[in-house]
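Asker: One-letter residues, chain by chain:
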Amino acid sequence: MSERLHRLAAIVRADFLIRLRRPSTIVVFLLLSAIPYLWIPNPSTGRALMQIGGKRALYNSATIGMATATLAAMFIGLTGFYVISNALKRDVLSRCGYVIASTTMRGSEYLIGKFAGNVVFLSVFTAGFMTTAMAMVLVRGEAPLEPWIFAKQYLMLAPPAIAFVSAIAIVFEATPLLRTKLGDVLYFFVWIGVMGGVTAMLEQGAGTNWAPFFDISGFGVLLQQMRTFYGTNSLSIGSTTFDAAKGTMDFAGLHATPYWIATRVTATLWPVALLGVARLFFHRFDPARVRAVPNEKTRRSWIGRLNLISKPVARLFVTALRPFSGSPAVTDALATIAAFPLIAVAAIVLAVFTLAADTANDLFTGILPVAFAACAIAIADISSREKRAGTTALVFAAPGLRARFVWWKFGSTVLVALAFLAVPLASAIASRPHLAVALLTGVAFTAAASTALGILSSNPKTFIVGFLSFWYIAIQDKGLSPGLDFAGWFGTATPAVIATYAAIGAASLVLAQLFHANELRRRW
Amino acid sequence: MLRIESVSKRFRSGNYGVRDVSFHANAGVLGLLGPNGAGKSTLMQMIATVTKPTAGRIFFRDTDITANPDPLRRRLGYLPQDFGVYENLTAFEFLSYFAALKGVRSRAKIQQMLELVNLHSVSGRAVGGFSGGMKQRLGIAQALINDPELVIVDEPTAGLDPEERIRFRNVLVGLGEERLVILSTHIVSDVESIATQIAIMKSGSLAALATPEQLLKQTGTVTLEAAFLRVVNSGTPVAQAVA
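Listed in order, the protein sequences are those of chains A and B. Position one of the first sequence corresponds to residue 1 (the numbering used here), numbered consecutively onward. Position one of the second sequence corresponds to residue 1 (the numbering used here), numbered consecutively onward.
Treat the hints loosely; a few may be bogus.
Claimed, not checked - When the alpha-carbon atoms are kept at most 35 Å apart in a straight line, the in silico DSBU-like pairs for lysine-lysine are as follows:
| # | chain 1 | residue 1 | chain 2 | residue 2 |
| --- | --- | --- | --- | --- |
| 1 | B | Lys109 | A | Lys89 |
| 2 | A | Lys89 | B | Lys52 |
| 3 | A | Lys55 | A | Lys478 |
| 4 | A | Lys311 | A | Lys387 |
| 5 | A | Lys181 | A | Lys387 |
| 6 | B | Lys109 | B | Lys52 |
| 7 | B | Lys52 | A | Lys181 |
| 8 | B | Lys217 | B | Lys202 |
| 9 | B | Lys109 | B | Lys135 |
| 10 | B | Lys135 | A | Lys89 |
| 11 | A | Lys152 | A | Lys478 |
| 12 | A | Lys478 | A | Lys246 |
| 13 | A | Lys55 | A | Lys246 |
| 14 | A | Lys387 | B | Lys135 |
| 15 | A | Lys387 | A | Lys89 |
| 16 | B | Lys135 | A | Lys181 |
| 17 | A | Lys89 | B | Lys202 |
Said to hold, decoys possible - Covered by chain A, according to a simulated footprint, are these stretches of chain B (three or more residues, beta-carbon under 8 Å):
| # | stretch |
| --- | --- |
| 18 | 35-49 |
| 19 | 73-79 |
| 20 | 102-112 |
Stated by the list, open to error - Stretch-level coverage of chain A by chain B, calculated; a stretch enters the list once three of its residues show a Cβ under 8 Å from a Cβ in chain B:
| # | stretch |
| --- | --- |
| 21 | 3-11 |
| 22 | 85-99 |
| 23 | 103-116 |
Since the hints were derived computationally from the structure, they do not count as laboratory data. Yeah, the Cβ is synthetic: ideal placement off N, Cα and C, and Gly gets one too.
Working from the sequences, and respecting the hints, build out all of it.
Answerer: Here it is, written out as structure tokens:
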């Protein structure tokens, strides 16, 4: 093996092991693996996983394989990015990058190594997900398991998403403006745009000659194959009710003819070109271009500058709330706002939009969902920041905080969320008082999930990605499924739904407390 | 061996990290002293080819490394200040990674380095559980894994206990017999017994460069610590003070 290949292999291996052994990887994998079990309904309940042209697709390897592969492609796009977008940052913050920069390794070689590391990790992660999803054929299948047919659906759908996410993560990490927290948020909309853009074109029959070659998510290919091979535009994936009178269909799976393979191979290969963009911006760990501190803390980063500008507003905010300080949770909440002054500015902007809203409907289906998403980003690192900053011992030295850490952080998170959402929430409750319980439960559920996932994974991204994915599904659903209306925005959450989210929030806190107690026993 | 000609580093803010520094050094241990913010780390980063000077040139064995860094990079060992580790890797995996980046494939060499820094008995343990001193020793091991001719170590003794410091000093003395070791620190006692040359930096400039004996003589002091303080606190141009 040449020296260059040896180095690439070393990067891939190290990145893979580092990620595989991370607690957040295990948490995300377990959460994602549980989804097929909840997502694939028993047909006897009147609901089906997939319908083609109105007919229920029989639960064979092709049906369950294709449905879960589409889910996997979506997860790779949404979750995968957040799981892998720390490859360069790790080397910057640990200063291992300085050593790397002092070797003969070229910048492009390093970026290719990191890209390959991302591809390998996401591929193994997807293979693990596929294996757990395969078990659903044994659990709910109406035909024997055919592993190759099952795997073929994944091979047809997942590779472009893996390559795209692996490359774009490197671009975001290498580019000054995009490697901040804003980049994390911006990516979410990039993926939605990339996924939705090509699919929408193909759905409308536009660009059918070239668009399939750019279909990252594979959803466009699904629609085209349905049209070409099954003569229908109607494809539904996900738990929906079906009309048993229309009969069933023995779905054979995606067709892998040379043309379709060419579209998927091309869609897998072109994202590699994005590495050229990353190379343009890559700092090669030059301390004059990148600082070994979290980006939002550097004064010269734009987010750092915005934070500096926002400080007077945050001071006013903190001063106004100081009379309520006294408990550790309030102090921590105030510290959060003081440390990240943009929270105060964002809260004021939200208040202005709320007061300017024309109708209650605008507030509930427009401003509140956006406010919850922004709030999620604001509260995401409250429960994990001590661990990341290495100040846990300092906090544990304070009376009572060691044992009550989870509840302290939950209290602090709730307070920041309430302060952030104060005006939209108050306005919403005033206009529709019957939704007050649902709204407040939504806040508590969001805060509990943030606290629990932060403590379990020591990482804010686990919550950001989990919540934004869930948020996106809830927004797209527009309240049609009461079970997804977790904060009562669409007014369809039933008392049972509200109680369920409250219970999930409580259970996640109990889980976090058990984990914390175990950590205390093992390490402290 | 190493020649530095009028090197400066000016940041985008307009501030100078290093300003017009010139010196040359041969095999031995060069102790780079200076208060915090004196420009020691910036100078070392430029010598280690991590960042480029905004003015001046650096030569290693007569090759201009600012224009052609690869010949030096093949023979360089660098331990940056506040060096971190990949917490989920074992000590062996961590060292193997850096060995591969530097073109070293021998497992025996990795074992040898782990023995040198006294980590061979914990080579299979995740480095996340290591003490600060153990992590620092691992950093030292990665710096030495490719048998470098130029070793640059920035505040290497931070976090080491007295026994480890002595052990590390002995390692550097051994290395300095045939190669150039640049050791940056603000702890004078770290260098006084091992440095063959002392360079003192102040506000980005080189304030003094001499052997320990010359420095004591020129400053009229009896300890290196006193000499260092006199140079650093001198109101007059210090280069003159020790000239």
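Asker: Indicate, hint by hint, whether the structure satisfies it.
Answerer: Here is what the structure says about each hint:
Under the criterion of a C-alpha separation no larger than 35 Å, the hint pairing B:Lys109 with A:Lys89 is consistent with the structure, at around 29 Å. Between A:Lys89 and B:Lys52 the CA atoms are separated by roughly 21 Å; this keeps the pair inside 35 Å, and the hint holds. With a C-alpha separation of about 25 Å, the suggested pairing of A:Lys55 with A:Lys478 holds against the 35 Å cut-off. Distance check on the hinted pair: A:Lys311 and A:Lys387 sit about 25 Å apart at the alpha-carbon level, within 35 Å; holds.
For the proposed pair A:Lys181 and A:Lys387, the alpha carbon gap of about 18 Å is at most 35 Å, so the pair holds. As the CA atoms of B:Lys109 and B:Lys52 are separated by approximately 31 Å, the hinted pair is consistent with the 35 Å bound. Among the hinted pairs, B:Lys52 with A:Lys181 is consistent with the structure: their alpha-carbon atoms are about 29 Å apart, no more than 35 Å. A hinted pair counts as satisfied when its Cα atoms are at most 35 Å apart, and B:Lys217 with B:Lys202 qualifies at roughly 20 Å.
At roughly 19 Å between alpha-carbon atoms, B:Lys109 and B:Lys135 fall within 35 Å of each other, so this suggested pair holds. Our distance criterion of 35 Å between C-alpha atoms is met by B:Lys135 and A:Lys89, whose separation comes to about 19 Å. The straight-line distance between the Cα atoms of A:Lys152 and A:Lys478 is roughly 33 Å, inside the 35 Å bound, and the hint therefore holds. With a C-alpha separation of about 28 Å, the suggested pairing of A:Lys478 with A:Lys246 holds against the 35 Å cut-off.
Between A:Lys55 and A:Lys246 the CA atoms are separated by roughly 6 Å; this keeps the pair inside 35 Å, and the hint holds. Between A:Lys387 and B:Lys135, the direct Cα distance comes to roughly 18 Å. Compliance with the 35 Å bound is thereby established for this hinted pair. Distance restraint check for A:Lys387 and A:Lys89: the Cα-Cα separation of roughly 17 Å lies within the 35 Å cut-off, and the hinted pair is therefore satisfied. Between B:Lys135 and A:Lys181 the alpha-carbon distance is near 29 Å, which keeps this suggested pair within the 35 Å criterion.
The hinted pair formed by A:Lys89 and B:Lys202 meets the criterion: a straight-line CA distance of about 32 Å does not exceed 35 Å. Three residues within the 8 Å Cβ limit are the bar, and the stretch 35-49 of chain B against chain A gives 4, so the coverage statement holds. As drawn, the stretch 73-79 of chain B meets chain A at 5 residues by the rule of a beta-carbon pair under 8 Å; at three or more, the given contact holds. Counting residues of the stretch 102-112 of chain B whose beta carbon lies closer than 8 Å to any beta carbon of chain A gives 3, which reaches the threshold of three, so the coverage claim holds.
Closer than 8 Å: that is the beta-carbon criterion, and the stretch 3-11 of chain A has 6 residues meeting it against chain B, so the requirement of 3 holds. Counting residues of the stretch 85-99 of chain A whose CB falls under 8 Å from any CB of chain B gives 7; the rule of at least 3 is met. Beta-carbon proximity to chain B at under 8 Å applies to 3 residues in the stretch 103-116 of chain A; the threshold of 3 is reached and the given coverage holds.
Hint check: no violations occur; every hint is consistent with the structure.
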